[in-house]
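Protein chains: 4
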Amino acid sequence: MDGKTMQDTRPKKVVLAFSGGLDTSVILKWMQIKYDCEIVTFTADLGQGDEVEAARDKAISLGVKPQNVFVEDLRNELVASYAAPVFRANAAYEGYYLMGTPIARPLVAKRQIEIARAVGADSVAHGATGKGNDQLRFELAYYALAPEVRVIAPWREWDMAGRAQLVAFADAHGLSVGKDKRGAPPYSSDANLLHVSCEGKALEDPWISPEDDAWSRTVAPELAPDRPTWVEIHFERGDPVALDGVSMSPAALLSRLNEIGAANGVGRLDIVDTRYVGLKCRGLFETPGGTIWQVAHRTIESITLDRGEAHLKDELMPKYAELVYNGYWFAPEREMLQALIDKSQERVTGKVRLRLYKGNVIVEGRQSPNTLYDQDLVTFEDGGDYDQRDATGFIRINALRLRLLGRIRNALPLV
Amino acid sequence: MDGKTMQDTRPKKVVLAFSGGLDTSVILKWMQIKYDCEIVTFTADLGQGDEVEAARDKAISLGVKPQNVFVEDLRNELVASYAAPVFRANAAYEGYYLMGTPIARPLVAKRQIEIARAVGADSVAHGATGKGNDQLRFELAYYALAPEVRVIAPWREWDMAGRAQLVAFADAHGLSVGKDKRGAPPYSSDANLLHVSCEGKALEDPWISPEDDAWSRTVAPELAPDRPTWVEIHFERGDPVALDGVSMSPAALLSRLNEIGAANGVGRLDIVDTRYVGLKCRGLFETPGGTIWQVAHRTIESITLDRGEAHLKDELMPKYAELVYNGYWFAPEREMLQALIDKSQERVTGKVRLRLYKGNVIVEGRQSPNTLYDQDLVTFEDGGDYDQRDATGFIRINALRLRLLGRIRNALPLV
Amino acid sequence: MDGKTMQDTRPKKVVLAFSGGLDTSVILKWMQIKYDCEIVTFTADLGQGDEVEAARDKAISLGVKPQNVFVEDLRNELVASYAAPVFRANAAYEGYYLMGTPIARPLVAKRQIEIARAVGADSVAHGATGKGNDQLRFELAYYALAPEVRVIAPWREWDMAGRAQLVAFADAHGLSVGKDKRGAPPYSSDANLLHVSCEGKALEDPWISPEDDAWSRTVAPELAPDRPTWVEIHFERGDPVALDGVSMSPAALLSRLNEIGAANGVGRLDIVDTRYVGLKCRGLFETPGGTIWQVAHRTIESITLDRGEAHLKDELMPKYAELVYNGYWFAPEREMLQALIDKSQERVTGKVRLRLYKGNVIVEGRQSPNTLYDQDLVTFEDGGDYDQRDATGFIRINALRLRLLGRIRNALPLV
Amino acid sequence: MDGKTMQDTRPKKVVLAFSGGLDTSVILKWMQIKYDCEIVTFTADLGQGDEVEAARDKAISLGVKPQNVFVEDLRNELVASYAAPVFRANAAYEGYYLMGTPIARPLVAKRQIEIARAVGADSVAHGATGKGNDQLRFELAYYALAPEVRVIAPWREWDMAGRAQLVAFADAHGLSVGKDKRGAPPYSSDANLLHVSCEGKALEDPWISPEDDAWSRTVAPELAPDRPTWVEIHFERGDPVALDGVSMSPAALLSRLNEIGAANGVGRLDIVDTRYVGLKCRGLFETPGGTIWQVAHRTIESITLDRGEAHLKDELMPKYAELVYNGYWFAPEREMLQALIDKSQERVTGKVRLRLYKGNVIVEGRQSPNTLYDQDLVTFEDGGDYDQRDATGFIRINALRLRLLGRIRNALPLV
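Residue numbers (the UniProt record's numbering), protein chains in the order written: chain A, 1 to 415; chain W, 1 to 415; chain D, 1 to 415; chain Z, 1 to 415.
Among the hints, a few may not be true.
Which copy? The list can't say, so a pair holds if one copy fits it or any two copies do.
To be verified - In silico EDC-like cross-links for lysine to aspartate or glutamate, where the CA-CA straight-line distance does not exceed 16 angstroms:
#1 Lys-34 - Asp-50
#2 Lys-351 - Asp-205
#3 Lys-29 - Asp-57
#4 Lys-201 - Asp-376
#5 Lys-201 - Asp-374
#6 Lys-29 - Glu-148
#7 Lys-12 - Glu-148
Don't read these hints as lab results, they were simulated from the structure.
Kindly generate the complete structure, drawing on both the sequences and the hints.
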């Protein structure tokens, strides 16, 4: 990092993570004015449910050259290369959060850098605010993959502080603004194939129950069908590969799990979590397919992982989740933990039967060609190759250190 | 441990953990015959639902002197001193198991040793088998508290291998055996105020769904009421102390949580877990009140624990759970972890509102005088005492090491 | 943190950590000019070897009111309340560094805040630069103890970038500057009773051996006496309390260990460590007494700590060291770990005999009334209370899970 | 593990780990008598310094068929595949022990199983006693690699309790016994290319200094040369590959490090460690080359590993060391940790200059093509690509959670 830092130079060509919505449209225009720079837009279909091709038209209408507009379907890469590694770890941040947003940002950031290399851009930009986690997930990825990149984070640079000012800027610069954007600010939300999140507004009082309109992907358990849905998930080496006997692509499989989970009221979460910047925030998360996936994965692991493997994974999971949540996807320690986790998944093959019912994911059965469960050994009625006298030695040797210690701590003899 | 080990001497006076059922009655008689020793029985009311005074009559009918029969109500001690410390840790073994059995055995073992000291007994005995975890939970506790104690574990000593032989022994020695004990062996079960477990029989094939009669404490979600139940739990320094504004003793509070949880289908678990002796076993666990308790505790922690506290607890939880599960309650490393955990609970005070509905425990709100949640800081629309430019420095300094590494790993410049 | 942040207001009364040297004298003067504020100086005797009373005269000569000059001997508090907790943990950052500087900054910061409360100051200031760790150790402590405090870090605020500019500022404002400060900048150094550090100049090439003048507290091993020095250290509950049978105050004991260590060439360290801000830096550290202390402490622990205690401490030590190194002394997770560590020290009482010789700290013997070492048990020739057949059961049960796994992994039978 | 366990059947063909010394010769003869079985001997040259071909003659003289005698030089495999992985982890058990013995047993066990498969043996045997760790290191490896193998551990089976009885047995069965074996029992020792250990006799009082004859591989620091020896070690991807510019095989390199370390009094260790069976034992260990190796490896890591990598390794090292020490080399969790560790070593390439002097291993310099040390960034006098104002944001954001907490914990405002 010799000489003058990129951060102090004027950006010439910027790859912007562009949704086509109000915020990133304003950002696009603001950068054109502020930096007089060439803009490249990147829009990914991550399963968020919007029409991504609309973003192409929007970009061109804002003066972006057609060859500078990139629109890609990344759904399979998202599931196979970002969600699946995290589910192999059974990762849940602060006990519950399945990290639908944290897994998606690094993928977008990686593609932005790849596109920057391809088109000769010197800068990248994103629309995340200065109080949240997403700025970290974007920028730590940018810097890890391209240490000399110039990063533009407009929300931390400009003086606009809220939606009203954005609308005013848009009006002033001839951007069309939908009527729905003009009223009170909506919930803040992020969506992709793994989840939908919802923050802000009335949710900001953590004592108050969420209103119904804060949930968008799942039905309430009370409104789910009165009869359960059964599903059988097949795993190969730690990843789900088939539902009810039908092999599917990663994105298709998760989409289908989302459908049946959402219909059965599965995967709602209402938590206060702690952002990397130190703030606590209350959020709602809907992860119907992911919730089923995690239960099924832990279940197939329960018969295919040895105790040494399973417990080591459990001990390291919180650290792994923290790294992913905080934006350290491309940090070497995340990769080291991933190597450890993936090593354990070689025998995690088999199938799990589940019953979904009004918010519940109920395990019904599990089976594997690699099962470590041994019915003959465990039975109460007969010995098999297990000599109960061995247990006496096992206990007495394990107790030895406690007995030595007990002599010091409990001076009085028994009788 | 000088001279001859106690283990090779004849026991003279034995304190037996005695339920009054078939197994421990046979054990009592067998020890009288085998060792010609004086027997002291200890029966604890742990909330298992049996009439403990019946055990007194049974013991006396088997020839135990009245002054050698100890019957005690330990429900409050169980909840306050064994369950509560574990729930402060949010402990779950192998992801899910709330350890209803592991918390109860050390309490019984401790009282056996205390009684042994009081009555001048040299030995203790229990009815756990040689394949399970409970032998460890009893005996590691015995040895830690009384290093020189003589331990008798009849299931590892005698030649009887199953129920039929026990019944034959009972018949041969004039013990009355209920008709229900004479047929096929039932499920193996353990119950106390925290949970009921169920293993064996058809459950031994982990692919097969449990039959309805394997569940005994909770209703199925499908059979629970169609309207939710709301409950408000108040915590002081990490422990629940009141429900819906009414202060209760630890045992009364858990009993009440059990009632409302059980009625709403909450707390069923069907897992394969790995015993300390290395076997995998499929078990059903019903922990209605405990399931509510854990969700509520995590929720009140989510606004009262700093990230540093919460994440450290999460990282150490699997090790703590493993120690408790394996029987190391009285090991010094469990006590060290408990000191760390308890230190974190000083500010964990406040209340949580929950909705129970057909198996779901749904968080509705949380509130605390010690809340670290700051609505002014987190709001999207206004700054408060948070300067978004600080985030730039935060990110750039955190990225510095990744950028240095990136120069080595990604040799090509961006443009 | 309502309303306007302190950070944007003009400081009125500032407590400065003041050594009396060039840097903090320039800071004092610069703050008087820049902020037109009242200055309070705080100078601590931490065993750095300077005459602290000279700082009093210097402060008064710079216009500080006598009642605003605080000079205190904190040597015993430094050793008893900051070094000792860290040595109970056997903490070493990145394998070797005994953290002489990280333990001292929080103590100074804490006293600054206490003085600020006493004199009604609104701000605190320190002389640490913007690239190092010490700014974090000062400021994280300030903010933890007084969340609303105004922090002044002149090295990050002014435009002066090196020694020459400081000297020019001093000359311009009539500060006397010693001749030795006018030449090439010296090593950067920090000293207290626990250590002396040395960075900068020729050391900045990590391939080059340090020159002799970079070491200041210890003799080179080659120049140490040809005959060893023997010393016996007595510990009570984890802390050293006597040398060669003579009880001493914490500071006196460490001073004496420093003398004999330094004379025998003990405690030199030459490492590259990673600062919290992400830079790697090469430093020399001389910790003669601390090096002896750590060896002695580990040695007395080796016979008084149970394996469960010792291994848990070892697993958590790197995290504890990282927290202390990074400046999180007053963070709740450091306090949680300390509670765990201190819990383990209750029985760490006894004595250790050491031989010091030309850089070596050689253990000769260890003894404790609480020893868990049992000569009768361990002897090769006789059994004691250890039945070797128990080992068979211990091994076979521990092997069970490996055998179950081996059936899956090694399909071929042996014969 | 169906049907009858191997452990209860008569062994027909046994592969014995055979040194040719008194103990294993008695074992060979005892098994011939006791089990009337065919014996296969396996003797490995691990650098222990004995003439391994003598073991061949001894075996044949005891009636073993020539085709049943296996003698192999495993020195390179020992260093490359067992020592090197452990040194990549910087593993030290209980703070100091470099595990010379634990790394060698699994290699011998693995070869015994391979030979058993090759010759059609059903059993394996070793000469480790029932109180030590080595029985675990042998047997856990046997069972992991061949779950159905029959294990014979004569020391736990026969009634002979000490050396005198072994000599009597040898005399009675016509085994020649050297005069040196007839007196008082010697120290118990284990040697290979990595270390020599020494236990027993006068060492059993941990307060008493070792006698000179307890050390066998190194000179005392006092007797080492008065002038230092300099050495330069080159690492490739975490492993040493050349000394002073000369490439060497793994065994040759470690041999050479042993020579120069031993001559300079490097690598003596006198500790009490805790065996897996729970006993504490005092032992002397001489690891001259290994001691240099570990210092050099940590030093090259200090400039090539990112903080995230280095700290994660440090946190996991104690668990890794415990697994290796306890005999879990072939357990899947050791392999998972190894995958994580090895992942971090990809860039650990470069060289380290050391000075060896009377027991000291002194770092003089380190250099790497992959260095993360950046002289321009770290310098005190000039900025480079580091904006000190970023540090303000870094600190303030890191402090945010502490300030929020401080408002709860420190209610009083500053002024």
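Quick rundown of the hints versus the structure:
no.	hint	result
1	Lys-34 - Asp-50	neither (29 angstroms within a copy, 54 angstroms between copies)
2	Lys-351 - Asp-205	between (42 angstroms within a copy, 14 angstroms between copies)
3	Lys-29 - Asp-57	within (15 angstroms within a copy, 61 angstroms between copies)
4	Lys-201 - Asp-376	between (58 angstroms within a copy, 12 angstroms between copies)
5	Lys-201 - Asp-374	between (53 angstroms within a copy, 14 angstroms between copies)
6	Lys-29 - Glu-148	neither (25 angstroms within a copy, 39 angstroms between copies)
7	Lys-12 - Glu-148	within (14 angstroms within a copy, 41 angstroms between copies)
Against the hints set out earlier in the document, violations occur for numbers 1 and 6.
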